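Q: Okay, here's what each chain looks like letter by letter:
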Amino acid sequence: MTRTVVRASGLTKRYGSFTAVDAVDFTLEENRIYGLLGRNGAGKTTVMQMLTGQIFPNDGELEVFGRTPAEHADVLRRLCFIAESQRYPDAFHASHVLKAAPWFFGNWDAGFAARLVDDFRLPLNRPIKKLSRGQLSAVGVVVGLASRAPLTFFDEPYLGLDAVARQIFYDRLLADYAAHPRTIVLSTHLIDEVANLLEHLLIIDQGRILLDRDADEVRGSATTVAGGRAAVESFVADRAVIGREGIGGLASVTIDGRLDQADRVRAAELGLELAPVSLQQLIVHMTGADLRADSTEQEVAA
Amino acid sequence: MDESRPIFIQIAEQVENDIIEGSLPEGGQIPSTNEFAAFLRVNPATALKGVNRLVDDGIVEKRRGIGMFVTQGARARLIERRKADFAAEYLRPLIIEAEKLGIDIDELAGLLRAERIDS
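Residue numbers (our numbering), protein chains in the order written: chain A, 1 to 302; chain B, 303 to 421.
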C-alpha cells in the first residue's frame, strides 16, 4: 500500500494583504515523482517552504510524515529542499558542502555524490562564490540527489545548467529513483523537458491548485483543432474550449477532453488539422492565455 | 514518444510491434520496467503501467524473480487485433484524402498495386 507523506488541507499563507497560497488541499503519496508547476509567483516556492517547515502557514492543516514539519527534528531529517538560489557561507567550497551534507542527511551516499561531481565536472576546491551560475546549480543538484531524502524538493534546480548537464540530472534522477524509491517534488519552468519523468502533476496558479492529476491522464487530454473558422466552430461547438486563436477565416481552438476514433474521422472529413497539446502548452492555456482568448471571443461577438 | 497519447500505451505498443515483427520471439524476455524507464527516459511507474497492460492482455507473463516473458500465441493474437483496427486506423484516412484529391477507387487500387511492386 502507498502511504501518504504529505497531507495539506485549507493550507493558506498570507503576506499582508497578499494571499500567496489560498486554502489549498492536496496530498503527496510515498515514492512518487511530482511536478509542481505554475507561473512565477504562483505560490510554488511558498508551498514548498511550508512543507519543509521554513515558514509557518496562516491557516489550514499540514502534516508531513504525520506531524507538523516545523520544529520536529525527526520530520526535518527526512526532508531535503534544494532552493533555486541557495546561499552558502562566503568561504565555502563545494567540498565543504559535501563534507557537511551527511550531518543533515541520514541516507547520504558519498560515493554517489563523488560520481555526480565528476558527471557535472564540478570544481570542488574553488570558492562557491567564484562558481558559474550553472556550477552553483550543480552543487544543489548533487546534494539533492545524493541525500536520498525520503521527501526531496527541487525548486527550479537548474538555473544556468546547460542541456548536457540537465540530461545528466534527469538520467541520474531516474536511475537512482528506480534503485532507491522516494518522494520527489520537482518545480520547474522547463515543463516539456521533465514531463515524462513526472508521475503526478500539481498545477498551481495565483495560490490555488488548478489541476491535481496523474500525468498519464493529462497527456493527450487536450487537442488543438485548426482549419476554416466555420468548420472549427462546428466541431468544437459542445466541447470545453480552453484556448482560442484565429486570423481571418482561419481558427485554431484548443479543447479539453479526449477525442475518440469517430471524432478523428469527423475532423478529417471536415478538413481539420488535429494537433496534440504538450503539457507545457496546456499549462500556458490554463494559466495565461485566457486574456487573448477573451478578446478574440469579443471580436467574434462584435 | 508522441504527445497525443499516454506514454504507457505507447510503451505497450512498442513491445507489441517488436513481437509482431519477430524481434521479440514468443518465450523471449522483455526488458525490465527500470530498463524501459532509463532507456525511454520516463517515470518507472509509467513503464510499469505499460508492462502491466501487456500482462492484463495476456501478451506477456510474469515469472516471479526472473522477469517478463512473451506468452505462447501472443503474436497471432496481436495480429488478429491489429487487423480489426486496420480499416479505421489506416484505410479511413486514406480514403478521405483520396476523395479530397478526386482519386476514385480504381485509381486508388492501381496506386496501391504500383506502390507494392515498387517496394
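Think of the hints as simulated: they come from the structure by calculation, not from any bench. There may be inaccurate statements among the hints.
Here chain B is said to cover these stretches of chain A; the calculated rule only asks that three of the stretch's residues, wherever they fall, bring their Cβ under 8 Å from a Cβ of chain B [as the list claims (entries may be wrong)]:
| no. | region |
| --- | --- |
| 1 | 164–176 |
| 2 | 215–227 |
In silico SDA-like cross-links for lysine to any residue, where the CA-CA straight-line distance does not exceed 20 Å [unchecked claim]:
| no. | chain 1 | residue 1 | chain 2 | residue 2 |
| --- | --- | --- | --- | --- |
| 3 | B | K402 | A | K129 |
| 4 | B | K364 | A | L124 |
| 5 | B | K402 | A | R266 |
| 6 | A | K129 | A | I168 |
| 7 | B | K385 | A | A230 |
| 8 | B | K402 | A | G227 |
| 9 | B | K385 | A | A262 |
| 10 | B | K402 | A | S95 |
| 11 | B | K402 | A | E273 |
| 12 | B | K402 | A | L159 |
| 13 | B | K402 | A | V97 |
| 14 | B | K402 | A | A231 |
| 15 | B | K385 | A | G271 |
| 16 | B | K402 | A | L270 |
| 17 | B | K385 | A | K129 |
| 18 | B | K402 | A | K130 |
| 19 | B | K402 | A | L272 |
| 20 | B | K402 | A | D263 |
| 21 | B | K402 | A | A226 |
| 22 | A | K130 | A | L159 |
| 23 | B | K402 | A | G271 |
These numbers were taken from a predicted model, which means no experiment stands behind them. Built from N, CA and C at the ideal position, the CB exists for glycine as well.
Q: Going straight from one Cα to the other, do B/K385 and A/A230 come out at no more than 20 Å?
A: With Cα atoms ~36 Å apart, B/K385 and A/A230 exceed 20 Å; violated.
Q: Check whether the Cα positions of B/K364 and A/L124 lie no farther apart than 20 Å.
A: This hinted pair is violated, its Cα atoms lying about 46 Å apart.
Q: If you draw a straight line from the CA of B/K385 to the CA of A/K129, is it 20 Å or shorter?
A: violated, 63 Å
Q: Do the alpha carbons of B/K402 and A/L272 lie within 20 Å of each other, as the hint requires?
A: holds, 13 Å
Q: Next pair to validate is B/K402 with A/A231; report whether the Cα-Cα distance is within 20 Å.
A: holds, 16 Å
Q: Would the pair A/K129 and A/I168 pass a check requiring their Cα atoms to be no farther apart than 20 Å?
A: With Cα atoms ~23 Å apart, A/K129 and A/I168 exceed 20 Å; violated.
Q: So is the region 164–176 of chain A in contact with chain B by the C-beta rule, three or more residues under 8 Å, or is the coverage claim wrong?
A: Holds: 4 residues of the region 164–176 of chain A have a Cβ under 8 Å from chain B.
Q: Can the region 215–227 of chain A be counted as covered by chain B under the rule of three residues or more with Cβ-Cβ separation shorter than 8 Å?
A: Answer holds; 6 residues pass the 8 Å Cβ test.
Q: Has the given pair, B/K402 with A/G227, been kept, meaning a C-alpha gap of at most 20 Å?
A: Answer holds: B/K402 to A/G227 is near 15 Å, not above 20 Å.
Q: Take the C-alpha atoms of B/K402 and A/L270, compute the straight-line distance between them, and say whether it is at most 20 Å.
A: Status holds; Cα separation ~11 Å.
Q: Just to be careful, I want the Cα atoms of B/K402 and A/K130 compared with a cutoff of 20 Å; is the pair within it?
A: violated, 64 Å
Q: Next pair to validate is B/K402 with A/E273; report whether the Cα-Cα distance is within 20 Å.
A: holds, 14 Å
In the structure shown, a violation is registered for the earlier hints numbered 3, 4, 6, 7, 10, 12, 13, 15, 17, 18, in ascending order.
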